[in-house]
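Participant: From first to last, the protein sequence lines are chains A and B. Count along the first sequence from 1, add 187, and you get the number used in the working numbering. Count along the second sequence from 1, add 250, and you get the number used in the working numbering.
If you are wondering where the hints come from, they were derived from the structure by calculation, not from laboratory data. Remember, predicted model here, so these are calculated numbers, not experimental data. Incorrect hints may have been included.
Quick list of in silico lysine-lysine cross-link-like pairs, DSS-like style, CA-CA up to 30 Å [what the hints assert, rightly or not]: (1) A:K315 with B:K358; (2) B:K330 with B:K306; (3) A:K298 with A:K482; (4) B:K358 with A:K564; (5) B:K371 with A:K564.
Chain B residues, not near chain A, derived (Cβ > 12 Å throughout) [said to hold, decoys possible]: (6) R303; (7) M334; (8) I398; (9) E468.
Think of the CB as a built atom: it goes at the ideal place given N, C-alpha and C, for glycine as much as any other residue.
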Amino acid sequence: FLHYSLSIALPPLSYLVAQVRPLHGSGCGQQQEAVGMEMRPETFSIFRTQENDPDCQSEQHQGQYYTVPPSHFHTVFPHGLPPRYQQQVKTFNEGCVMVRQPALELISHLKRADYSKPTLRYLLYGVKGSGKTMSLCHTVHYCSTQGWLVLHIPDAHLWVKNCKELLPSSYHASRFDQPIQASNWLRNFRTTNENFLSKIKLRQRYVWTKRESTEEGQPLGELVDMGVSRVKSSSDVVGAVLKELRLQAGGTEGGFRLAVAVDGVNGLWGRTTLKKEDKSPVAPEELTLVHNLRKMINNDWCGGAVIATLSQTGSLYAPSSAYLPQELLGEEGFDSMDPFIPVPVSLYSEKEFESCYLYYLDRHWLQHPHSQTEEGKKELIFLSNRNPSVLERLCAFL
Amino acid sequence: MAASLTGLLKPWTPRVLLVRWSRYNPYYLEPEPRKEVYHIPETELTPEQKEERELKSVRPIKAATNSVTSSVFNDPVLSKFVNMMMKDGDKIIAKGIITQTLENMKRKQVEKYHKAPEGKKAETECNPYAIFHQALENCKPVIGLASIQKGGKFYQVPIPLTDDRRRFLAMKWMITECRDNKHRRTLMYEKLSQELLAAFSKEGNVVKRKHELHKMAESNRAYAHYRWW
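One chain only, chain B, in its complex shape:
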């Protein structure tokens, strides 16, 4: 049932042990990282929650990944962005770049806030998380293109995109834009913060790329019936 540790009692153990593998037996249950769930007193549990708790006391539970925390500051979208920025599994550097980006954005906005006249103060958005989420929203395409073969030729057909795909495209464009199309000597956090602030106010290259995709989809409207799903 539970993973046996006797296989690990060897004269030499590798430094990095595989603790969480993706092909778990379906018998294993998912871990619950949120604190609030454990603070509900016995009396207020619904019957489903009671059943779930009883099940958890007998079944084995998967190991939680390193990126999952019970911290109130945990943000799943931001974690996904960090993973996408990561190269060669070096999450420390990727996380460091993202924290520097957030700090940089906040500094620019707070400076603008303190120097702005009274009327304009309420308009400046200082929360870097809000800016990040809004910028990502502004970069998400509504409709995408797929290459479909019909009669020997390939046509670019407009197709609907799932939410995950839209989010992935927005993040991917943001990262590639910052890596490729900026000045060589600027640091990544500076490039990212400039691009995110531009996307927040609907300017900048990433939003332009989204608009171009929309235009292409609009111009290829005639081929929409090639889609069969």
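This is chain A alone, in the form it adopts within the complex:
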């Protein structure tokens, strides 16, 4: 553990330097922040990097943690992060993400892609708990800092199961609407992309009821607000929003790049657990949200990228040992996603494990006296097999 400090007429600093983090707004007990943001001393640690901009990160930062600035947290990730990670952020009072090879590969592809050609689809796959969702969030942070419009669907499985209200769609006779899920997603979409809502103008007139319609040339923000307030037509609003963004993404005048990030994309093809009133099962195509999202994932538009993750954890009727694209997507899904760029996400390497272990030590998370010894570390490697989520759950009670 090399930890050398460069002291330039600063008082001698202790070994594990208390790095005062700026507390973000959600933290309570503001009086402790009276110390304020001290000038970060020039210390080098093996597991942290000062490079907080995903654009400038490269292979040399692999295995190191970078801090997501607190101001970005609520705008970029209102709904995308895994729940245990959100708890961890709250406990440690900072959000640190590890720079790993799959995310770096994705970001390098995004930098070099040609956006006048049809969209490329990237698929992150790997065993359960290997870090697919976190890599996706890292890429979403990159797209956000580069000024792209980010369409982040936190989990497509949430749209095909546990739906309390299933309304028949007003637009298309045989389809079903999900008002609660659609309005929740629109609310989060509004938080993420505030600055784009006023700039993008609609190219088509949308009629909702006899008295309500949204005219051509109105800003997208109005459409989104309407969807959030009028919950009944929110699924159709989502469809309209997706269509507008698809048409305008590659445009030369005022064109923006569109990143569609879908977690658990295998939920869009397969079966649902929803039932119609006559107890017959609902196919995913019969849901408005799923239908529109599938159109988005097709590569018939240009000016952006589709980044998807497979997930067995929330999936329906899939065996727990399945993790490959062929097994989880099924025939129909694979044919729709084909051709895609597969990005495998592996378990922690030795260096990454070291980094994670040191990070937990630094944050005072590993409290058991034996976990700080060599023997305890060997036992952790053995028990977790270097699987990130298993390690996190083990260290939680140690």
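Got chain A; can you put chain B on it based on the hints?
Facilitator: Using the frame of chain A, we list chain B on its own:
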């Protein structure tokens, strides 16, 4: 000598086999789960240890129970607590509740730690195991009461308690307090973590119950001579 397996070669074998029974022949020796004992090289063994090793190579050894591990994280007090919390032999659920409790306590303390000013940081105890042990210590009664019959009446007589009994009472009070006297909708791990943190700082209902027991014993001091052991 060793258990015969021929009795098990039947067309149907039950799914759960009784491997470890409590009425072992005294000829059987106890198993040794600790790793360090086996790492001592030949030369550094004391004569007793050499003798013990030779004995172990000829005598049969009892099967180790499921709760005994060679892991460095094994804690006998915690295992006892898990067993006491267990209902209907479902140790997985009991162990799960305890791990969630430890995690919850650690999270609360680490959050307090990171938000505390520099001076207070060293005072917050973040180790959930240390908190658990200290809380249990704070709940252990020093003196107990026994119901002794003298002249047709029963008197509550103060008596000394063994260590095991004290530990048992502390754990029992903790579990019953969390099961009975808390809000219905809170989950067990949340209730336990609140009660353990309170006991750590010597507040809360369990410590109060211990103090009441002490007061009762103090008020019944006059009957102490009814005890004959």
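Participant: Would you list, in rising numerical order, the hints stated earlier that this structure does not obey?
Facilitator: Hints that this structure does not satisfy do not exist here, as all of them hold.
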